[in-house]
Amino acid sequence: MNLILKLLFLAVSLTPALTLLTWGDGTLAWPLFGGFELLFELGPLSAFFLLLLALGTPLVALPMARGTPDRAAYGLFALLLLGMQMLLLAGDFLGLFIGWEVMTWSSYLLLIRSTRTTLEGAQTYILFNLASAFLLLAGMLVFYSLTGDFRIAPLTEASAAGRWAVFILLGLAFLIKVGALPLHRWIPLGYDQAPDLFSAVLAGLISKMGLYGLLLLPTLFPDALAGLSGRLLNGPAAGYGLAWIGAITAVVATFKAISQQDIKRLLAYSSIAQLGYVVTAIGVGSSLAVGGAIFQTLVHTLVKLLLFITFAGIVLQTGQRRFNDLGHLIDRMPMAFFAVLIGIIGLAGMPPLPGFAAKYLMFVGLIDARWLLLLAAMMLSSTAAFIYCYRLIYGPFLGHANSPEARTATEAPWSYLVPQVVLMGLLVLLGIFPGFAIEVIVDPVLMTLGLTPIGAPSWGELATPYGGYDGVVLMTVFGGAFVIVTALFWLARGQMRRAGSPYDLSFAGEVPTADTPLHYGAGMGRELRRIPLIGWILAHTTAGVQAGLTRQTLAAAGLLGGLYRRDPQTWTLLAVLVLVVASTLLALNGGWF
Amino acid sequence: MYHKSDCEGFQCEQRMLEANLGQDDAGLGVVERLIGWLRQRSLFVLAYGTGCGAIEMRPLMTSRFDAERFGIIGAATPRQADVLVISGYLAVKTLKRVIRSYEQMQEPKYVIALGSCTINGGMYWDSYNTIKCLDHYIPVDMYINGCMPRPEALIEGFTALQERIRRGEPGGYQRYRDNIDWYKANQRRVFGDNMPPAYTYDWYSEGAT
Amino acid sequence: MHVLLDSLAMIALCYVMGFLFQGFYRQFNARLQRRWGPSIWQNLYDNMKFLLKSETLIHGPMFFFGPMIIAAGAITTLLFVPFLKDSDWLQGVSTHGNLILIIYLLVVGPLGNALAVGSSGNPFGVMGVTRGLTRLMGLEVPFFLGLALVMLQHETTSVHAIMAAQDGIAHWNLITNPIAFAVILLPFIASQNASPFDVVGAPVEVYAGPRVEFGGRLLGVLMTQNMMMTIAKLVLVVDLFLGGASNVLELIAKAFALFLLTTAISAAFPRLKTEQTVDFFWKVPLGLAVLGVVLNVWLI
Ligand code: SF4
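Residue numbers (the numbering used here), protein chains in the order written: chain A, 1 to 593; chain B, 594 to 802; chain C, 803 to 1102.
The shape of chain A in the complex, shown without the other chains:
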């Protein structure tokens, strides 16, 4: 019975792949009330995101199917898949909205199944996501009032005010889902408190639905948003604001990530930062930048799935989730070490993994748009990311084991390892063949968005008008150099031995023991606070800012209320005064405005 259930669950997890393979070109219309119908079709943009789903879901479902089956979770997961596929396939806003709601509620119910979920976390999650859904609803109603149709199609004839309304409402709805500042509060709480494997889905797949929405915007406003309000420098003016939102999100979230003590919270903040890059690139809107955005979406999905699944395995094996309580797992969990290593190389956007190709396209896109200040912000965020990436690998895997569990842990079960291996393989392959990803995955999407495809002379090469690089050559040179250097060194190594104890350290002549605080994982990043800018950012939390706003509002209300507290004569007099002043102004002005 259990086995059948699990097999069924795994089969369900394959549905996105099946949809992707079998859909073809057809459209499916489902008549609803009053002449409305639900329209489903599979364009290249949806196909791209469906591909992410198809890759991700089986890999998460495999470890989820381990142990005693959790029927409710399986059911909700199936519902979630249904919702996401529905919103991707939807050809009109109705289907999109229904899918969005299904996704929101099923993911909420999955989230609160974790024992770690607090009331605050759950409330924040559902409030922000409902806000997103209602903004979407509002946006789509405005859209309907402008066009008289729910179909997702370019919005060309509408008035400027109407177009801006749609742009802002939809943009906000999707930015909440992506987690742009200051609308990101639900992400660290949610990703942190969700069941460990479900966090992978949240970060890897569900957040991508927000990006899908953002990428719909260029469809609605063709000519890469430039139709909306002209151009600034060499890019669309409307995207400039969006790009800055993305860049500031990336910078602030990166510093927040550095200061986290909990692995999953760090990953959550890094997710926010990484998607910030994508938002920036979408704001630029040129084919290079959007190509980079799509590439980054792909890489980020793979990387975050890999990292969250791996850390879920570590939490499973050790029960510890803070940097302070882990350490030196490299000997005990080598597979997880490699997974995280590949993951952080991808996350940091280092060559030769594909994160670099994505970064490269985005950087070149920014240079092309001549938005160099944004480029500086992106660069700041992506170099600061090295610090949290180093923490991610140092805290759990290097240094000294800091808890009894970390001293005895063993490698995670195979159902965790298989997805890790698959994802690592995909990342390395994409890194060697960036041209392949461009040709097969990115270009079709660019063409539907009405942008010129980037193209690639060969699978190994990434070519842009600004120059490119060859992934195969890069990998060969680096690998060759590594092998040659290692071989030479090994041949001439002389007498090499391994330290007899982890405490055989240069420690100013002292002998450290197990009680010496040697694991630097916890303190890392603390000294960054001494840098004024970072200190300022870290001293302010969004929650604090929002609470401050509330306080200010209350104070203002209290001030107003103070006017009413006295005896009736006073406020009657006040009312008369206001009336007099207002009518005088009206008279002087000659009518309303």
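Treat the hints loosely; a few may be bogus.
[To be verified] Beyond 12 Å from chain A on every Cβ pair, some chain C residues (computed): (1) H804; (2) P869; (3) L880; (4) S889; (5) G927; (6) G940; (7) A984; (8) D1000; (9) N1049; (10) L1051; (11) F1058; (12) S1068; (13) F1071; (14) P1072.
[What the hints assert, rightly or not] Some chain A residues near chain B, calculated using beta-carbon distances under 7 Å: (15) R497; (16) G500; (17) S501; (18) V511; (19) T513; (20) D515.
I should point out that these hints are in silico values taken from the structure, not numbers from a laboratory.
All residues carry an ideal CB built from backbone N, CA and C; glycine is no exception.
Following the hints, put chains B and C with the ligand in place on chain A, whose structure we already have.
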């Protein structure tokens, strides 16, 4: 040699030094000679400022005497150092650190001991807490005596050491390896149970790869 | 075959230039301090001495692979930098790369080595790594922005194209885009780990920082790659701002001139703390860079 009755500690040392001084480097191949020459041209010094003699290390390194022209330069950690300079008297407490640092250095490694204190306790000869003869605890390659030796003397000592390295003579580390039990027994005599951990030297007996 | 020979020639040239330049640096500093200083070959001796050490201690496999990664990273980086223009030689694989790739490759090795430092378990080493990463965060922003100004000027990221566009001294980017050069100069010094931004690996700062546990031959490998990397970075800046070089002598002359400039700056200033470094980079060079952006992009 240490079991002979006619010399002890630094005397043996001195005798070995003198015995070798007149010798040329016959029997060495070109490669060994080159290696020895390169090694002697570059000495990274871990200066252990144990006693008052440490004060003379500064003028040695700075502009007046400029040891850098001999390729002698300070190292930050024992891992990178070639020469351990013990500058003066050693209390039992410091000796422990010295031994630990010495064992953490990577071979070939040498020890230079400054001042009469390291030779026989010097003016602390009757102190309850000072090591009288450093050579019983770690192998000293070169003594520079005086109380305290001037930088000129230090340079003299360093060049003598360089000369020995150039000729490819086995340094004290070889002696330490061969007689590790004797050294450890001596160390145990002063430390009692308070010995530094064994993992920095116990591989001597196993034969590393 | 040609590529292999060419690569070997580049590596050898880098190494020789590396120890000579660094030897010169030590001489220069010594003369400033009124001493004789070591011979100009001293860095070769030091390096050889470490490579010839008979004992090496490691702290596990990752500790061993760290220096290998950093050496491989250095070799990869220098092979992606074209040394000469209009020549078949000393090109490496630079036609397959670009400037942004090189900037990223510069940090691949140190990050690989950071893993080794971490796996040694020495907290001082990790402290040094954190400082290094922090400094990197500070320097990279103005450095990259300065280079972006050059990339924007030539509308390409290819070093070859940028080099080819600077025919004649009047077209050197140093002349045509002086702000960009001023912007990258100090971050460039920091990326060379030279004074006054050398807090990361300096011997007296947290116990030698990242190198604290490395000894014996591994330290030799680290020194070797450091020398090669120094030259690769110098050549990169020569390519970008001084018009590149068409033969080896010219290359050495230009690189040496640049090196002399950075050395003179290094010798004159005392060391900054990490956070001072970052703060400085985000105020002065970055401010200058923003000015450059405003001048180049907004006002034209
Ligand atoms: S020999 Fe003299 S100067 Fe040196 S430590 Fe002993 S007492 Fe001090």
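Against the structure, the hints:
1. C/H804, annotated as away from the interface, keeps every beta carbon of chain A farther than 12 Å; the closest lies near 15 Å.
2. Distance check for C/P869 against chain A: the nearest CB is about 8 Å away, which does not clear 12 Å, and the non-interface claim fails.
3. Interface exclusion of C/L880 from chain A breaks down, the closest Cβ pair being 10 Å apart, not more than 12 Å.
4. Its beta-carbon lying about 19 Å from the closest one in chain A, C/S889 satisfies the requirement of being farther than 12 Å from that chain.
5. Some Cβ of chain A comes within 12 Å of the Cβ of C/G927; the nearest lies about 9 Å off, and the non-interface call is violated.
6. Against chain A, the non-interface label of C/G940 is violated: not every CB pair exceeds 12 Å, the least being about 8 Å.
7. With a closest Cβ-Cβ approach of about 16 Å to chain A, C/A984 is found to remain outside the 12 Å limit, as its non-interface label requires.
8. Taking the minimum C-beta to C-beta distance to chain A, about 17 Å, the non-interface status of C/D1000 holds against the 12 Å cut.
9. No Cβ of chain A comes within 12 Å of the Cβ of C/N1049; the nearest lies about 25 Å off, and the non-interface call holds.
10. Every C-beta of chain A lies more than 12 Å from that of C/L1051, the closest at about 27 Å, which supports listing it as non-interface.
11. Remark: the non-interface label on C/F1058 is consistent with the geometry, its nearest Cβ contact in chain A lying 27 Å away (cut-off 12 Å).
12. Against the 12 Å criterion, C/S1068 stays outside the reach of chain A, whose nearest CB is about 23 Å from its own CB.
13. For C/F1071, the shortest C-beta to C-beta distance to chain A comes to about 20 Å, beyond the 12 Å cut-off, and the non-interface label holds.
14. Non-interface call for C/P1072 relative to chain A: holds, since the shortest CB-CB distance, roughly 19 Å, exceeds 12 Å.
15. A cut of 7 Å between beta carbons decides the hint on A/R497: the least distance to chain B is about 4 Å, and the hint holds.
16. For A/G500, the suggested interface contact is upheld, since its CB lies about 3 Å from the closest CB of chain B, less than 7 Å.
17. With 7 Å as the threshold, the beta carbon of A/S501 comes within range of chain B, its nearest partner Cβ sitting at about 4 Å, so the hint holds.
18. The interface hint given for A/V511 holds, since its Cβ lies 6 Å from the closest Cβ of chain B, which is under the 7 Å cut-off.
19. Because the smallest distance between the Cβ of A/T513 and any Cβ of chain B comes to about 9 Å, over 7 Å, the interface hint for this residue is violated.
20. This hint is violated: A/D515 has a C-beta 14 Å from the nearest C-beta of chain B, more than the 7 Å allowed.
The earlier numbered hints that this structure contradicts are 2, 3, 5, 6, 19 and 20.
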